Amino acid sequence: MASVNILSTKGLTKTYGGIDANMDVDFELQRGKVTALIGPNGAGKSTFVGMICGRISATRGEVFFEDQNISSMPAHKRIQLGIAYTFQITSVYAGLTLLENTAISARRRLGKDNVAVNAKALEVLERVGLADRAHQIAGDLSYGHQRVLEIALGLAQDPVLFILDEPTQGLAETEIDDFVDLINALSGDTTILLIEHNMDVVMRTADQITVLEFGKTLASGTPSEIHNNQAVQAAYLGTAVDA
Amino acid sequence: MTKNSLYSHCLHFGTIALLVALFFLLPAYHVGNLSRIMVLAVYAMGFNLLFGYTGLLSLGHALFFATGMYGLGMAMNTFGLPSELALIVGVVCAILVSTAIGLLALRTTGVAFMIVTLMFAQAGYLTVLYFGSYTRGDEGFVIQQAERIFAGVDITGETSRYFAALILFSIVFLLIAYLVRSPFGRTLVAIRENEERTKMLGYDTVRHKLLAVIISGSISGLAGAAYALLFGYVGATFATVQYSIFPLLWVLLGGAGTTLGPLIGVVFMFYLIDLSSELTQAYMLIAGVVLVLLTLFAPQGLAGEIRRKVFKWLP
Ligand SMILES: Nc1ncnc2c1ncn2[C@@H]1O[C@H](COP(=O)(O)OP(=O)(O)O)[C@@H](O)[C@H]1O
Ligand SMILES: [Mg+2]
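Line order of the protein sequences matches chains X and D.
Sequence positions in the first sequence follow my numbering and run 1449 to 1691.
Sequence positions in the second sequence follow my numbering and run 25 to 339.
Treat the hints as calculated values from the structure; they're not laboratory data.
One or more hints might be untrue.
[Stated by the list, open to error] Stretches of chain D that chain X covers, calculated by requiring three or more beta carbons in the stretch to come under 8 Å of a beta carbon on chain X:
#1 66–73
#2 225–234
[Said to hold, decoys possible] Take a look, some chain D residues computed to stay more than 12 Å from chain X by CB distance:
#3 His-36
#4 Thr-151
#5 Leu-299
#6 Thr-319
[Said to hold, decoys possible] Here's a subset of chain D near chain X, in silico, CB distances under 10 Å, partners left out:
#7 Pro-207
#8 Glu-220
#9 Arg-221
#10 Thr-222
#11 Ser-301
#12 Thr-304
#13 Gln-305
In this text, all values refer to a predicted model and were calculated from it rather than measured experimentally.
Every residue gets a Cβ at the ideal spot worked out from N, C-alpha and C, and that includes glycine.
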């Protein structure tokens, strides 16, 4: 039987020069759930997920995915295991069309089968509401649409674990609603790790919340547990979790 | 087959058919030029795979061209091998050298990559001079006419040389056209457009870039070997910086990242120098001014501008 946790970290640490961006983070991610990673700016959230997917090399500590130690695996191998990652700072193929963008993403798994690649590439654009712009150049899109395309690049991989770094940053209200619907539709099949500033989005999507502060986990639990957590309330002075 | 791939098949086979026709239509002088142009276009196509499609600017491709050239030349002259075997020796040497250069130079990126490849090519050039007693240094050496027989055909005549060059050109042209539409080629373009994103989509970008250097270097080496065999001369000039810069100019002029760009660029540059040298001693000045104008008004090269303005499907 597959274990409850799809991913875990043990003592994960990242030191930049003298700064401890992450300090001995032990973390467990439940299969099929939506887990939100929250915390103030500079808490080390991006660094943490960067070390999970291999984009950032850990100073020390271990990452386990499906009970396999992937700590020394290069990023592309980890992605091949079914981990998709979207960047906090939008990183799409600005010089290519939207369809080519999602096709590159789909092609890694589907390979030579052009028909399947195209179908998948179009399907994910439809899913995020960009299909009518399939032949536009990505760099010509608005900032919000580029963020959405970034999410589509993740979807096109049919990931087992989908990691999103502040996906709703810069999105309009209606786009945020669509995003919430998308995440809720994905959960169950796909495990989601979501870094999110917007507490409304967190409350509408998350099954689990982990709070990171100064590179350490401050608390982990269900939304209501986090809401009632003394330490979290003290840290946020009751402002951020009012939602 | 989609409409675009039908168009691109027509374009590629049409180009080859045109080159066949030109042999019968053009006067001997231009036929001779075109033989040379087609071999140089092979060199340009090799360079284009790395620069135009993968986004890696090497300033040391003369090393690969010269490796193929000396590999074949010395195999024939020093070791007395027949031309067919010598061609294989030339290409194998280019594969080995480009693998080594790839492994070393790809540790760097951007400007550092340009400088490292430039330095390696310079080291290659100095090596040719240093071993002057074998390579005949600057002076170079001639491959005797009697030995320039390939697969039973004497390739020193104008006709056989033209068609030998055309066959070589066609093979590489179609290979590149196939390659850049394949998943491998698409991944190279993805690396060119955004390497970090491509890695984080699960592609082994390091392996892809290494393969691109090896294929690019080997095609350049093949061009060098063919050049030596068809024109009968091997010399250190072909290892100089100038011969690293030429393919860059050709590809920029013709259109980087297009299948037809390299050929167009070589034709254009060849005749630009040819015609302006008829007019004046300062022909490089005219050539320079035209190059500047083209970069200003057709920054994507000739084929690139055609793709942008008219034929969006151009491969
Ligand atoms: N490449 C880097 N070099 C040096 N310091 C960095 C680098 N990336 C992040 N940091 C620092 O590490 C800390 C955590 O950053 P980050 O993980 O981006 O936080 P968050 O995503 O929670 O806002 C911050 O203090 C940040 O300044
Ligand atoms: Mg961040």
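Index of numbered hints that the structure contradicts, given in increasing order: The structure conflicts with hints 1, 11, 12, 13, although it agrees with all the remaining ones.
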